[in-house]
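J.: Protein chains in written order, with the working numbering: chain Z, 1 to 301; chain G, 1 to 161.
Quick caveat, the hints were computed from the structure, so don't treat them as lab data. Just so you know, even glycine gets a beta-carbon here, dropped at the ideal spot from N, CA and C. A couple of the hints might just be wrong.
[Unchecked claim] According to the in silico footprint, chain Z covers these stretches of chain G (three or more CB under 8 Å from chain Z):
no.: 1; stretch: 58-68
no.: 2; stretch: 71-77
no.: 3; stretch: 85-94
no.: 4; stretch: 97-105
no.: 5; stretch: 132-143
no.: 6; stretch: 146-157
[What the hints assert, rightly or not] Some chain G residues flagged as far from chain Z (calculated, every beta-carbon gap over 12 Å):
no.: 7; residue: F37
no.: 8; residue: N39
no.: 9; residue: R109
no.: 10; residue: V114
no.: 11; residue: L115
no.: 12; residue: S116
no.: 13; residue: D117
no.: 14; residue: G118
no.: 15; residue: R119
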Amino acid sequence: MGERSSKTFQFCAVIIATAALLALPRTSSAQNAPSANTNPRVTLQPGSDAARQRGAQAAPEKPSAPAPPRDLSGMWTGPGEALLSNRIPPMTPAGKAKLDANIPDPFSASSNDPWKTCDPFGMPRSVNNQSGQLGFAQMPGRIIIMSGFSRTWREVWMDGRKPPKNIGHEDGPSGMYNGYSVGHWEGDNTLVVETVGMDEKTWMDRRGYPHSVDAKVTERYTRTDYDHLSMTETVDDPAYYTQPSFILAKLDYSFVRNQEDKNAPIPFTNETLCIPSQATEYLNMMSAPADIDSATGQKKK
Amino acid sequence: MKAKLTPVVLVLAIVAFAGLAFAHHGSASYSMQPTTFKNVTVTKVNWGNPHTLLMFDVKDDKGNLQHWVSEANAASAISASGWTKTAIKPGDTLSVVLYAAKNGQTVGRVGKVVLSDGREFGDGSLIGDRPSECDQDFTTGGNESAACRPGGRITNNLEKK
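Full structure from sequences and hints, please.
T.: Below, the structure is given as structure tokens:
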């Protein structure tokens, strides 16, 4: 068996093992769902991404080929949402005030989630919300990180330059939705991206955790082998959080192998866009009459 | 071997999009008991994001015409079950299994659509009804994760605080 055939076989084995695992009966957390179903495809749908990720990690996979050094180029796929840490440290009074002002659940009338009106996620949210489609394009001096959701991209400078100082303050440049990102390699397989100068308007995640303009966010992308990439997102923001550095989110990706096979179907043919006119129509026709705020006792009197 | 690759790639795509799309929803405003409407007349389909809307007319027990707005999943997710932009058109007659709003409004969440030719889109379950996992180190990034933050809010029928 040639090298390419061997890789293809390994890829098939990984996918079949993962699919078989996912087709198992629902995990305990989902067994209270109203209707039991025997169709293996649809049993996936109400299940938990967390259980799915844990299950996928436990699959008896054959080892993948080694990761190419300092190369993440291509498209990657993972669960649609990152796993979010439940161990966010206690907040400062300033941070807590901002958290209290951020009301999640974009499909409720009371929410002020910027997502509701399709505002850009920016950083650090784009890394952990609707982040199942990820791409890297390596160019001279920089790496472009692409998100499939709303087809956005940001640049990470790899040429050793430093970000500007005092961003968002009187003596510095303005903050930006995606901030200013610089990166470096740790060893041959880990890309470290550090981002500062993020506009305070962006939420850190869909739960509404805030960040100050002085926050620093670090993404670590470790390509453990040819087919697998693990991301962790950590935050340093002493103005809002009492612990200097903490994990916000993590997400495991798989390389989209069919991008190397011209006969395979094109991946990601479905657009996942947030379209303001459609979002407004949805809110008016569906969310408003269904009125989740009343159903959950959160209606403002 | 390449030809055999195609189905497994599709499985991967379905898995990826299922995770992506179902993370949107909160379900607390909808009944957990499904209602079946037979032989409804489709009046409009808004194919798109964040979720596809299926509008239909049906007569109630007293013969009065009701106008319903029902919500299916995002286009990217329901297309995995074969539902395309042109598969359901205004004027079509079909059956809908839906979870109606608890407040009595004629809106609901689609569990399943059954076409006159027997094709079915959706698995019949209430989309988005899954519990939060606040007692673990990490929680899913779905809508229910909002229940885990300080002062968090309930968005699902199955959530626990």
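J.: Kindly indicate which numbered hints from before are broken by the structure, ordering the numbers from low to high.
T.: Hints 1, 3, 9 contradicted; others consistent.
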